[in-house]
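2 protein chains.
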Amino acid sequence: MTTDDGRDTSDFEAYADLGATTGDAMEIAETSMDRVRELVPDETLGDRIRQKAVHATGDPEFQYLVRFSGADESEVVRAGARAVLDEQPVVTDITMVKSGITGRGHSCPVRKAIGNGAALAAETGMTRTAASVLELDRQGVYEGSVAVVGNAPTAALALADCIESGTRPAVVVATPVGFVKAAESRERVREVADEHGVPAITTVGRRGGSGVAAGLTNELVHVASDARDGDLPLDTDAPVASER
Amino acid sequence: MTTDDGRDTSDFEAYADLGATTGDAMEIAETSMDRVRELVPDETLGDRIRQKAVHATGDPEFQYLVRFSGADESEVVRAGARAVLDEQPVVTDITMVKSGITGRGHSCPVRKAIGNGAALAAETGMTRTAASVLELDRQGVYEGSVAVVGNAPTAALALADCIESGTRPAVVVATPVGFVKAAESRERVREVADEHGVPAITTVGRRGGSGVAAGLTNELVHVASDARDGDLPLDTDAPVASER
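Protein chains in written order, with this note's numbering: chain A, 1 to 244; chain B, 1001 to 1244.
Think of the hints as simulated: they come from the structure by calculation, not from any bench. Every residue gets a Cβ at the ideal spot worked out from N, C-alpha and C, and that includes glycine. You may find that some hints are simply not true.
[Said to hold, decoys possible] Derived contacts from chain A toward chain B, CB cut-off under 8 Å, selection only:
#1 G58
#2 Y64
#3 V177
#4 R206
All chains should be built: construct the whole structure from the sequences, respecting the hints.
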């Protein structure tokens, strides 16, 4: 077999060997997830998030860094999936996280905070990302949303203040990375999430980043897809044992 | 002091405390890099890449995972910086990596591979990302480029084949992530880079991802900026001791 421009397709065996075909781009991902499931328990909805954290980072240790706040861990995941089914907006801190949110399996609008709140930032000296979160919150954007912070600790701190002031995202995914306030910002998110009953998925320590935040959010989309297909009940009192 | 809509800016002290001001968005990043420099040596151009790997992931261990191929490590970094100064195209595998490439400090066109080569993928059954790399290579896009793979192992394998077939990127940054062929694909990139003298920055093992690839590429931009400012000589025989 040759391609349109005369190349022998046997040249491409190395890629085809991976088993992927166009139109089924999930196949490599599924094989990869099978290997992850050998490393991470596969019993609960929380496990699905832990599996995805490992899958997104390539690091089995990452399963131990995931935390659930504001509700028990399966309910946190259900709340996120319900928000996806309800087509609530997914609001990310920066462009890179937005780019990582899958376009499939949901009809949620996906928008980024960065680019908003320039006047507030100029007035106050706060970071552009923090100002962008406060500005979108002023517009009511975070209420009921899937609020995602993958990069900027100051965005996570701002989001925590918004929750403390009364805003109620449907779910928060916060894994900002770095050596300045990243760990502290997530701790603050966990505190306000627990205090106000806002479902939140975070990681402990400094590790995280855009890829982790996007991956965990995409797993909420995946759980929502399973629920839509009837494979998974999302009502709060559904037995955990039937989750997968 | 109050904002336009009457809020007291003292509410924002927590953010301003971080020392960042709009128009100087690098300040938090610099503080963060100062902390990284306490954890990673700061002597050579290779150290700058290792520092950035730690900064991008929040994990000090990442400094030990970086590898340089095709030339000695300082020359690999210099080659990447020269490509940036020469305004060569930065070509990423996926959109998320493209989104993570800084818009400042360079005039390189930045494009992504994904979205190209659909016919080839359909004909051969290879992944879309692998097909996209082969298609852009057929168009000559990778010759002299800054070739970046942050996500797809099959894209890295395809890029390695292109190098073996004669394509010479100015530098390769390859940190695809995952449990299917990620580690092997980087090993293959290292082999062809060493064999054909193509400067390449990779990581060993399975860990990596879009954030790492974008971060390391951005550090090449940063080195190029320092060279442009006269702070750093990029000619190959410059003494390493004068690099910072």
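Here is how each hint holds up against the structure:
1. G58: holds (4 Å)
2. Y64: Since the shortest Cβ distance to chain B is 14 Å, the answer is violated.
3. V177: holds (4 Å)
4. R206: holds (4 Å)
Hint 2 from the list above is the single one not met by this structure.
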